[in-house]
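Number of protein chains: 2
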Amino acid sequence: MISFEEAETEETVTCLHMTFYHPCQDDKMMFRCLNFHKREQVRADEMAKFGRDSNICRYNLMDTRVSRIQFSLQFYRKLNSSELCFEIKNMSKKTKLIVDQTELGYLNKIDLPWKCIICFGDYQVLAEIQEGESMDYFETQLHLAEVPILQERRLPSLQPVPENGISSALFSSQGKKPIEIDENES
Amino acid sequence: MISFEEAETEETVTCLHMTFYHPCQDDKMMFRCLNFHKREQVRADEMAKFGRDSNICRYNLMDTRVSRIQFSLQFYRKLNSSELCFEIKNMSKKTKLIVDQTELGYLNKIDLPWKCIICFGDYQVLAEIQEGESMDYFETQLHLAEVPILQERRLPSLQPVPENGISSALFSSQGKKPIEIDENES
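Chains as they are written, first to last, in my numbering: chain A, 1 to 186; chain B, 1 to 186.
Looking at chain A on its own, in the form it has when it is part of the complex (with noise of 0.2 Å):
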């Protein structure tokens, strides 16, 4: 057995957190297959799919508003570079896919920013990328938003509004900073 001392060091995962909010999200049914909170190991190799088939995806809606296969994320790395990161593709023929101001079409795929919001039909998803090391699999945790991620445009705001209209609580409530990705730093 090999010791605390000499054990290799543990690398860090890269992390997806990904926040949903759906307009009636209150009777939870189309959250319900989901394990909010609970970190989940995702191999590399692996496309983490979202939609309704659950034979097919590893993270299930159950909406019959939502495809059989409404999105997916691939892991990769950067060629000529360290940096993991993700891609996002549209698997939907009747759903646009917008990821912050880009508009997926059936097939689409993007890189996935750092900090974004994605939405399809009347979903919103805030999704965070918390860096890593590991090239075997990376972890995705889920959390439920608990008021809408994307402000209503037509309401006027009578109070400064966070960026994005999601109040860094929603994450302080985990006990986890929002990322902030500092272009200073190395």
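Just to be clear, a hint being listed does not mean it is correct.
You can't tell identical chains apart in this list, so a pair holds if it fits in one copy or across any two.
[To be verified] The calculated DSBU-like cross-link candidates involving lysine-lysine, where the alpha carbons are at most 35 Å apart (straight line), are:
1. 115 <-> 38
2. 49 <-> 38
3. 38 <-> 94
4. 94 <-> 78
It should be emphasised that the hints constitute simulated quantities derived from the structure, not laboratory data.
The structure displayed is predicted, hence computed values, not measured ones.
We have chain A; now place chain B onto it with these hints.
Only chain B this time, still in chain A's reference frame:
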């Protein structure tokens, strides 16, 4: 039943031709699980995986030097374009994947050029994409090269050698012209 006149215009299907070569292929053991010449349909949402593990890979190379998953191919549609493309990703931790002049490490990926040579270990694969319109699926057609795809650089060539050392007879023997990408075509 829909009559011939009323039926929807049939879509053309993207076909990826892959011509394999291995210096020890005469015993054909490594290629014995590949279906040469037979076109295979692959769903657009499926990753076409090549490797040793038949539980994961659709295309099996029976060779202990080949990784469980050696590489995968993803079908996708370019953003703001109707162009359908493939992306190739190295899934092997042990072996580099070389696509023309680009060396891919584990989890690196790039767009597959319309005509290119893919190398890993002693394997050489000529890949050629025949354009199509269908977004539901694509096809693959595997061929076996009779001569090495890459010419040996150290050998003096006494005769003019065709580009990439591939004889066009390779393809015409299957009743198929080599695919020419003519940029003047609409």
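So, going through the hints one by one against the coordinates:
1. 115 <-> 38: within (20 Å within a copy, 45 Å between copies)
2. 49 <-> 38: both (17 Å within a copy, 30 Å between copies)
3. 38 <-> 94: both (30 Å within a copy, 32 Å between copies)
4. 94 <-> 78: Both: 30 Å inside a copy, 18 Å across copies.
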